[in-house]
Amino acid sequence: MLTFDKEYFNIGYLDTLSYKDTFMHRIDPRIKLLTSLAFILLVISFPKYEISKMIPFLVFPVVILSIGDIPLIFILKKLLIVSPFALFVGIFNPILDTAPMYSIYGVGISGGWVSYFSIIMKFILTISTALLLIATTSFPGICIALEKLFVPKILVVQLLFLYRYLFVLAEETMRIVRARNMRTFGRKGQGMRVFIQIAGTLFVRTVERSERIYHAMCSRGFDGRIRMMKNFKPGFIDIIFAVVTITVFVILRKYDIAKILGDLILQ
Amino acid sequence: MHMADALLSPAVGTTFWAGSLGIIAYCSKRLKNDINEKMVPLMGVLAAFIFAGQMINFTIPGTGSSGHIGGGMILAILLGPSAAFIAIASVLAIQSLFFADGGILALGCNIWNMGVYPCFVAYPLIYRTITRRDKTPGRIMIASMLSVIVALGLGSFSVVLQTLLSGRSELPFAAFAALMLPIHLAIAVGEGFITGGFVNYVRSVRPEIFDIVEGTGKLRESFSMKKVLISISLLVIITGGILSWFASTHPDGLEWSIEKIYGTAELPGHENGIVPKLKDIQEKTTILPDYDFAGKENRETAGTEKSWPAVNAGASVSGLLGSVMVIGLISIFGFVIRIFKRIRN
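First to last, the sequence lines map onto chains A and B.
Quick note on the working numbering: the first sequence kicks off at 1 and runs consecutively.
Quick note on the working numbering: the second sequence kicks off at 1 and runs consecutively.
Keep in mind that the hints were calculated from the coordinates and are not lab data.
The beta carbon of each residue, even a glycine, is placed where N, CA and C say it ideally should be.
A few of these clues could be false.
[To be verified] Residues of chain B placed beyond 12 Å of chain A at every Cβ, according to the derived structure:
hint	residue
1	R139
2	I149
3	F157
4	E170
5	R338
[Stated by the list, open to error] List time: in silico PhoX-like cross-link candidates among lysine-lysine, alpha-carbon distance up to 20 Å:
hint	chain 1	residue 1	chain 2	residue 2
6	A	K153	B	K29
7	B	K32	A	K153
8	B	K29	A	K148
9	A	K148	A	K233
Construct the entire structure; sequences and hints are all you get.
Shown next as structure tokens:
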């Protein structure tokens, strides 16, 4: 309950962050979405045992974080609490793959550890980029971008609806859960049967709510699609941003900057 | 059960994205044809309801810990397959963006794993077959239980397959499957009980709600099993075809094409073990006996022959040193931007 309270407020917080007005927030949502996708695809395309080439890619999330004025601690916390599935599956790599691969000053490092760190690195890069995308774009912004990028309209409308009613329903649910917790003692009364009844009640209320929403929308001329007041057009700066970031990604993907730097120092 | 970006290879990720987008397009086309707009807010609010439902924890009998529902099957039963698929996709999209469950590339896989199986396998084949003739509470309970078990089983099995096809994890097929399937079977029994109980509850308290839901757009009546089966098998063939084409040309199709485009010649540790294994599949048509072995062997021999690019100590030290420096430089860069911004304000 507490954790869900927290997660719920976290959504609210991400939403608040997205209404800041910085250079990053002003970039066209489409450009941001596409560069983030390119970034994720390039990062994921690194082979299993690659680490050093991936590290310079940190520059993208760090730049967005800094220019977009997003608190670092918040993103780090999110990274930590996020479902540990990747880390859990990855931990078997060091156990199963023990063939030595690197040696640093005589200390051997097994291939499993290398590939595990590679997974962790990918995890950090992709998840932080996804969070930063939301934090600098706002969800409706992404929905507009999706619609402009030819995603089926019904899915876009669906996403907007879901986003809008998430907060309303979450509040209602929290009231119900609070009421349940007041009336239960220890673990008694928190089982599945009570849950079904609570969920049923919530469902009935939800359907009734959707009816009211529908009538309200009909009386305001709803015809199955949602129109946006804002009209987005990628400007000169947006295109420059896209060209620069993609070029940087390609250079980073091609050259092992970390290794080149290390070589320079050692020589 | 959310698949994660970090475990995926681009070929697997994009293939499942293509599959999921194809089904989304199919569903939205179907909905456009026989939906009334009433369905639109209903879908949105019900997807939000699933979120809300996930916020209510309950104690799991026998374990003392608490869990929450997934809700995919509930949506399929309430909305019908096409609308439910769109709703599930939207729930997963929000989860991946706000809760960072999985990731953006893995979203395609997640929509596939948690959308296709409940909506287009379990619902039409199991739930509808059992409850077609009469909808007694007992039948609904059994139907929900079975369909959730099948949907979750298939879903978790394809997580295993996607992980293995990507070749980022060392887990052998049998062990991973043996880990995932029993856990999800246990989850499915609980979820199935709740799904059945929930449907029965709503049916007994407010049966007219089901009339509203079932009546909208006549989704049930116009649902053609044949079409769905044909399109699913087509999709499977296309996906499989693309995947194996990528895989058999080069270790990891998209990786390889990116290498081609950007011209990096040497790629350390490129043997992901997918090529030899896929060839094995083609030859023996057995299911991945011990995946990733060939890859490991290749790598081991490569290591002993010193052809492994970074095995000599100097190179790996410079890599490590360089990485530390790059991290330092990037953090300084970030700080400078922040300080610069603060001064300007």
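We went through each hint and held it up to the structure:
No Cβ of chain A approaches the Cβ of R139/B within 12 Å, the least distance being about 17 Å, so the stated non-interface status holds. At the 12 Å boundary, the C-beta of I149/B stays outside the reach of chain A, the nearest C-beta of that chain being 16 Å off. No Cβ of chain A comes within 12 Å of the Cβ of F157/B; the nearest lies about 15 Å off, and the non-interface call holds. With a least CB separation of 4 Å from chain A, E170/B falls inside the 12 Å interface cut-off, contrary to its annotation.
Not every beta carbon of chain A lies more than 12 Å from that of R338/B, the smallest distance being close to 5 Å; the non-interface claim is violated. As the CA atoms of K153/A and K29/B are separated by approximately 10 Å, the hinted pair is consistent with the 20 Å bound. Proposed proximity of K32/B and K153/A is supported: the alpha carbons are some 10 Å apart, at most 20 Å. A C-alpha spacing of about 18 Å is found between K29/B and K148/A, which places the hinted pair at or below 20 Å, so the restraint holds.
Using a Cα cut-off of 20 Å, the hinted pair K148/A and K233/A holds, with the two alpha carbons roughly 10 Å apart.
The earlier numbered hints that this structure contradicts are 4, 5.
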